[in-house]
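For the record, the sequence lines run as chains A and B. Note that the numbering used here has the first sequence beginning at 1, numbered continuously upward. Note that the numbering used here has the second sequence beginning at 1, numbered continuously upward.
Please note: incorrect hints may appear among the correct ones.
The list treats identical chains as interchangeable, and a pair is accepted whether it falls inside one copy or across any two copies.
DMTMM-like mimics (lysine to aspartate or glutamate), calculated; alpha carbons at most 20 Å apart, straight line [said to hold, decoys possible]: (1) K239 to D105; (2) K151 to D173; (3) K241 to D105; (4) K45 to E294; (5) K151 to D200; (6) K156 to D192; (7) K156 to D180; (8) K174 to D192; (9) K131 to D224.
Honestly, the hints are just simulated from the structure, not real lab data.
Number of protein chains: 2
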Amino acid sequence: MRVTILGNNSALPAFGRNPTAQVVSVYGEHILIDCGEGTQVQMQKHGVKWSKLNYIFISHLHGDHYFGLPGLINSMSLLGRQADLHLYAPAPLMPMLQQMLDWADTVLTYKLHFHPLPDGAELLVETDNFKVSCFPVEHRITCHGFLVESKTRGRKLLPAQCRDYEIPRYYYDKLKQGEDYIRKDGTVIPNDWLTTEGPDAKKYAFCADTLFTDSFIQYIQGADTIYHETTYLHNDVEKAKARYHSTPVQAAEVAKMANAKQLLIGHFSSKYRELAPFREEAMTVFPNTLVAIEGNSYDV
Amino acid sequence: MRVTILGNNSALPAFGRNPTAQVVSVYGEHILIDCGEGTQVQMQKHGVKWSKLNYIFISHLHGDHYFGLPGLINSMSLLGRQADLHLYAPAPLMPMLQQMLDWADTVLTYKLHFHPLPDGAELLVETDNFKVSCFPVEHRITCHGFLVESKTRGRKLLPAQCRDYEIPRYYYDKLKQGEDYIRKDGTVIPNDWLTTEGPDAKKYAFCADTLFTDSFIQYIQGADTIYHETTYLHNDVEKAKARYHSTPVQAAEVAKMANAKQLLIGHFSSKYRELAPFREEAMTVFPNTLVAIEGNSYDV
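Here chain A stands alone, though its shape is the one from the complex (with noise of 0.2 Å):
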């Protein structure tokens, strides 16, 4: 799993930087995490592939976190799109745009699946390859965190190798299981000779616009990388908690409560033209820490 960052910058796009969008990938497949002005943009310049993706997640309804989704969802149907596209939201964006869609008199080539957010934490979809739930952060207005986790796939084949030994089709799932093969005339072929360990599951923990808050750590315990914003320097502490937004060292704590093995910061303030100074308040609380870079991808 890994996530790529398509804006990094907070509310007022600043110095080459763009609002929220990140995509997380698993097993090949993206999801999106909110979809600030530009993101349609920022995946096309980064190479991310709309094929790939199948699922939008929006945490809250400022502006610098969704107002690229109505040319996104747009464009995706002016190139002719055929798959279903599954979009968790704010309940009342998806009758805004279905407005949109009706003043332009336009029908989105591909099925729009609207999913309204729960007030609370909740499990919202889970697939074969990964399961993605919300929990509620601080924020000014109503806003969610998402935890996407990848699932395991169990041992990965050695493809040659069962070839080389004829092992039948229909036995790869229980290879993938652990399972020995057993012949006919009783041979064993170990498990170990015909497949390699499989990727390990994994959590990533978006915790969205939020202040500095315990509130939340139960539902990202444990997670391999945390993303959590850092609006502000901590001699601002107090300006980030007047508008709900955190600081390098507030985003550490959460970190190390949460016993994370990472942290990725972003969401910078425009009044910020150097990031690397909250890499380095993060680091005297949580040296494992991240500052994330728009385009660039994390392995989770």
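Fit chain B to the supplied structure of chain A, relying on the hints for placement.
Here is chain B on its own, set in the frame of chain A:
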């Protein structure tokens, strides 16, 4: 009067080209016509000062002409704009913008005056420097073109000469109107020692998205510069017609019928990487044709 192109592409962003937005500058004041996604970033990039922008006009409710508007309106407020802003747009847009502000719990720092566009042709606004009127064009949904007319400011004062001849300030307005100055002793200081010819009144006609028609020629007759869309080249003339768009030859016919001095073409389909053929086609009918290139400014 000059026009700066912020976006010259049709619906889908492509080849680094953005959706429709352009700024008409009259005596240092900016008028924004259409506001596709990314317009606020394009304005920053091309040095168009927001403080000089007080009027926005939206031609119709296809997303590539207004999806950048919520972001621009919000960002102006985040930067603490105080001056009133006037928006002329299709009627349903204002409740939607208000809804977005309400969801975000945002109160703008400035007053946004919303003026719904009328059905037909009408004078929308008149200031000391310019007037703007709208006229109906023929598109798949209701769509307006805009005519921007700058006013003459009379003759232009030569400050050094006015000082040398000790012309009192209260007389400057009369100088602009072409009057000579007569001293108490009866000496006549001829006007052309004190002034030069001022800028002419100019007419810029933005014809929005439209199929080829002579139905609006009456409103743009004698324009100095006409902007006309050319979404497709002429070998796609049937497709253009079916989609309520035009070709370069058709745009050139319009410019010719309207006795325009100059034609500016834009709104290119994403299927075309090269834009030179658009100009070549138009020039066969109307030689003084220019291709609208993003970031370029054109004298009207």
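Status of D105 relative to K241 across identical chains (alpha carbons, at most 20 Å)
Classified as between: cross-chain Cα gap 17 Å, same-chain 44 Å, threshold 20 Å.
Alpha-carbon proximity between K151 and D173, which holds within one copy, between copies, both or neither at 20 Å
within (15 Å within a copy, 79 Å between copies)
At most 20 Å between CA atoms: does that hold for K156 and D192 within a copy, between copies, both, or neither?
within (10 Å within a copy, 90 Å between copies)
With identical chains, the pair K131 and D224 could be close in the same copy or across copies; at 20 Å between alpha carbons, which is it: within, between, both, or neither?
within (15 Å within a copy, 60 Å between copies)
With identical chains, the pair K156 and D180 could be close in the same copy or across copies; at 20 Å between alpha carbons, which is it: within, between, both, or neither?
within (14 Å within a copy, 94 Å between copies)
If the cut is 20 Å between Cα atoms, do K45 and E294 qualify within a copy, between copies, both or neither?
both (10 Å within a copy, 18 Å between copies)
Treating 20 Å as the Cα threshold, decide for K239 and D105: within, between, both or neither.
Between copies only: 18 Å across, 44 Å inside.
Have a look at K151 and D200 and pick one of within, between, both or neither, based on CA distance no larger than 20 Å.
Within one copy only: 8 Å inside, 70 Å across.
Regarding K174 and D192, is the shortest C-alpha distance of 20 Å or less found within a copy, between copies, in both, or in neither?
within (13 Å within a copy, 98 Å between copies)
The structure fails none of the hints (numbered hints given earlier).
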